[in-house]
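Protein chains: 2
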Amino acid sequence: MIGDHIWINGGLVRAEQAQISPSDRGFTLGDGLFETMLWTGDKVRFVDDHMARLACSADALGIALLVPVDAIAAGLAELGRDAERKPAALRLTLTRGSGPRGLAISENASAFVLATIAPHTPPTQPANLAIVAIKRNSGAPSALYKTLSYIDNIIALKQARALGADEAIVLGTTGNVACASSANIIIEYEGRALTPAIEDGALPGIVRGRLIKSGLVEVANISPAMLANCTQGALTNALVGVRGIAALDKRPIQTLEAWLTQLRSAL
Amino acid sequence: MIGDHIWINGGLVRAEQAQISPSDRGFTLGDGLFETMLWTGDKVRFVDDHMARLACSADALGIALLVPVDAIAAGLAELGRDAERKPAALRLTLTRGSGPRGLAISENASAFVLATIAPHTPPTQPANLAIVAIKRNSGAPSALYKTLSYIDNIIALKQARALGADEAIVLGTTGNVACASSANIIIEYEGRALTPAIEDGALPGIVRGRLIKSGLVEVANISPAMLANCTQGALTNALVGVRGIAALDKRPIQTLEAWLTQLRSAL
Numbered sequence: 500m501i502g503d504h505i506w507i508n509g510g511l512v513r514a515e516q517a518q519i520s521p522s523d524r525g526f527t528l529g530d531g532l533f534e535t536m537l538w539t540g541d542k543v544r545f546v547d548d549h550m551a552r553l554a555c556s557a558d559a560l561g562i563a564l565l566v567p568v569d570a571i572a573a574g575l576a577e578l579g580r581d582a583e584r585k586p587a588a589l590r591l592t593l594t595r596g597s598g599p600r601g602l603a604i605s606e607n608a609s610a611f612v613l614a615t616i617a618p619h620t621p622p623t624q625p626a627n628l629a630i631v632a633i634k635r636n637s638g639a640p641s642a643l644y645k646t647l648s649y650i651d652n653i654i655a656l657k658q659a660r661a662l663g664a665d666e667a668i669v670l671g672t673t674g675n676v677a678c679a680s681s682a683n684i685i686i687e688y689e690g691r692a693l694t695p696a697i698e699d700g701a702l703p704g705i706v707r708g709r710l711i712k713s714g715l716v717e718v719a720n721i722s723p724a725m726l727a728n729c730t731q732g733a734l735t736n737a738l739v740g741v742r743g744i745a746a747l748d749k750r751p752i753q754t755l756e757a758w759l760t761q762l763r764s765a766l
Numbered sequence: 500m501i502g503d504h505i506w507i508n509g510g511l512v513r514a515e516q517a518q519i520s521p522s523d524r525g526f527t528l529g530d531g532l533f534e535t536m537l538w539t540g541d542k543v544r545f546v547d548d549h550m551a552r553l554a555c556s557a558d559a560l561g562i563a564l565l566v567p568v569d570a571i572a573a574g575l576a577e578l579g580r581d582a583e584r585k586p587a588a589l590r591l592t593l594t595r596g597s598g599p600r601g602l603a604i605s606e607n608a609s610a611f612v613l614a615t616i617a618p619h620t621p622p623t624q625p626a627n628l629a630i631v632a633i634k635r636n637s638g639a640p641s642a643l644y645k646t647l648s649y650i651d652n653i654i655a656l657k658q659a660r661a662l663g664a665d666e667a668i669v670l671g672t673t674g675n676v677a678c679a680s681s682a683n684i685i686i687e688y689e690g691r692a693l694t695p696a697i698e699d700g701a702l703p704g705i706v707r708g709r710l711i712k713s714g715l716v717e718v719a720n721i722s723p724a725m726l727a728n729c730t731q732g733a734l735t736n737a738l739v740g741v742r743g744i745a746a747l748d749k750r751p752i753q754t755l756e757a758w759l760t761q762l763r764s765a766l
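Listed in order, the protein sequences are those of chains A and B. In terms of the numbering used here, the first sequence opens at residue 500 and continues consecutively. In terms of the numbering used here, the second sequence opens at residue 500 and continues consecutively.
Where hints are given, some of them may not hold.
Any copy will do: because identical chains look the same in the list, a pair fits if it lies in one copy or spans two.
To be verified - Only pairs whose alpha carbons sit at most 25 Å apart, straight line, appear in this in silico SDA-like list of lysine to any residue: (1) Lys-657 with Pro-703; (2) Lys-657 with Arg-584; (3) Lys-585 with Ala-745; (4) Lys-712 with Gly-510; (5) Lys-749 with Arg-584; (6) Lys-542 with Met-500; (7) Lys-657 with Ser-609; (8) Lys-585 with Ala-696; (9) Lys-749 with Gly-690; (10) Lys-749 with Pro-521; (11) Lys-657 with Leu-643.
Source of the hints: derived by calculation from the structure; they are not laboratory data. Keep in mind that this is a model prediction, so the values were computed, not measured.
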């Protein structure tokens with residue numbers, strides 16, 4: 500963490516005063532959402548995209564936002580002041596709030612929202628990826644939204660590290676490529692820049708969305724065979740932006756800086 | 500909750516003194532496990548089975564238990580005293596503890612464990628089940644272990660309720676029946692009592708395990724067609740034990756009390 504503050508339910512408090520209820524469903528059941536955002540030093544990058552995704556996902560899961568997204572965005576900017584004009588990582592957590600035991604959603608649940616800011620040290624090397632055994636549950640809420648239920652992603656990353664890689668390639672339960680443990684994947688295949696489809700389990704990432712909108716990147720069903728024949732590759736997420744891929748399952752690939760620069764220029 | 504106490508990391512504290520860190524990975528990433536247990540009024544039912552599953556799952560996820568299971572079991576019994584000899588629901592939550600941001604597992608993570616007790620009102624009617632759209636991620640940690648990453652189960656139950664049922668039948672990504680949102684399923688099919696296989700996404704439930712061990716129930720790959728032709732059915736979990744099924748996807752089934760009694764007698 501940077502500074503002494505945490506933003507909770509609409510206001511800044513001292514970190515030691517932060518109260519999380521033992522019956523908060525974020526804590527007991529992974530029942531909530533999060534956003535990881537880049538504080539550039541003077542603003543939250545792509546803040547409107549993040550707030551739109553948060554609102555849309557909350558709506559899909561039936562979590563009523565008590566603090567409007569404009570107030571959340573203002574709170575994030577307040578937290579950013581603790582970073583003293585240096586880039587930092589903002590994390591926003593939204594839960595369904597406290598509730599009685601059991602999975603049933605209570606009518607009068609009251610959402611809980613919390614944000615923190617932490618130092619951000621972007622990776623300086625291109626990524627080395629390995630396909631892991633864990634699949635992403637294509638079509639399920641855990642794959643469609645950035646929920647707090649992240650155990651499969653955590654263990655996917657652990658499996659990738661055990662294989663000597665620094666990120667995982669996770670296939671969807673459809674058999675096609677979905678995404679990395681905490682990034683989207685873009686590959687160059689037969690001269691086109693492709694990214695996995697939502698139906699295959701790709702998380703609708705903010706940077707991914709911007710690249711698709713720019714027209715530079717197309718959505719496709721990417722089979723493992725296509726991945727094995729790609730000519731360049733990149734990982735994208737809100738914190739790192741666009742990061743080159745140096746190896747896929749121990750096969751070195753030549754990802755050119757010019758290609759990455761072209762992608763970055765579309766953001 | 501019953502009483503004023505929560506058991507945390509080895510001791511009872513007043514509920515208002517319970518401190519959950521905003522960087523606890525249970526809260527931020529669903530990175531942990533839970534057990535729901537029945538306090539019978541004088542003991543924790545099947546406590547050894549629950550502690551064995553917890554220890555085994557924690558080991559598989561690489562979470563080092565700092566409080567030994569014997570001490571956890573003793574803590575649960577201490578909490579049980581607040582229930583004043585009445586049946587109650589115990590909930591134990593184990594998380595990987597606090598950590599820096601990101602999914603990578605820190606070498607020096609220090610597990611966090613918390614238990615609460617709540618009133619328990621067992622259902623008095625047999626269950627009405629509906630097959631929901633959400634699949635269970637067969638083979639993934641979220642299906643193999645009782646993790647805190649429960650969003651797919653929550654939304655599966657929500658979908659079942661929207662279909663007018665009171666519990667969900669969740670198919671695994673293998674296409675076979677896996678389990679309900681918070682129970683295992685047993686069906687009578689061609690005269691045999693069958694329960695879905697772990698490889699199809701069944702949670703290794705405590706009551707399920709006891710029934711298999713008793714020889715009364717066999718593990719099988721249960722297709723939706725087999726489900727559609729079953730003659731009796733039951734839901735099992737640690738809190739409710741064995742509960743009859745009255746309807747499957749709006750098809751009434753005649754589950755006999757004698758069959759349920761036979762299953763219960765094997766526990």
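>> For Lys-585 and Ala-745, with the copy left unspecified, which applies at a CA distance of at most 25 Å: within, between, both, or neither?
In response: neither (28 Å within a copy, 61 Å between copies)
> With identical chains treated as interchangeable, where does the CA-CA distance between Lys-657 and Leu-643 reach 25 Å or less: within a copy, between copies, both, or neither?
Replying inline: Both. Shortest intra-copy (22 Å) and inter-copy (16 Å) distances satisfy the 25 Å Cα cut-off.
> Quick one: Lys-712 to Gly-510, C-alpha cut-off 25 Å, is that within a copy, between copies, both, or neither?
Replying inline: neither (34 Å within a copy, 54 Å between copies)
> Is the C-alpha distance from Lys-585 to Ala-696 at most 25 Å within one copy, between copies, in both cases, or in neither?
Replying inline: Close neither inside one copy (35 Å) nor across copies (52 Å); limit 25 Å.
> Are the CA atoms of Lys-749 and Gly-690 at most 25 Å apart within a copy, between copies, both, or neither?
Replying inline: within (22 Å within a copy, 52 Å between copies)
> How would you label the pair Lys-657, Arg-584 (within, between, both, or neither) given a Cα cut-off of 25 Å?
Replying inline: Neither. Shortest intra-copy (33 Å) and inter-copy (44 Å) distances fail the 25 Å Cα cut-off.
> Is it within, between, both, or neither for Lys-749 and Arg-584, if the alpha carbons may be no more than 25 Å apart?
Replying inline: neither (39 Å within a copy, 61 Å between copies)
>> At most 25 Å between alpha carbons: which applies to Lys-657 and Pro-703, within, between, both or neither?
In response: Answer is both; intra-copy 23 Å and inter-copy 23 Å each pass.
> 25 Å Cα cut-off: does Lys-542 pair with Met-500 within a copy, between copies, both or neither?
Replying inline: within (18 Å within a copy, 42 Å between copies)
> Is the C-alpha distance from Lys-749 to Pro-521 at most 25 Å within one copy, between copies, in both cases, or in neither?
Replying inline: neither (44 Å within a copy, 38 Å between copies)
> From the Cα coordinates, with 25 Å as the cut-off, is the pair Lys-657 and Ser-609 best called within, between, both, or neither?
Replying inline: Between copies only: 17 Å across chains, 34 Å inside a chain, cut-off 25 Å.
Violated hints for the displayed structure, listed by number in ascending order: 2, 3, 4, 5, 8, 10.
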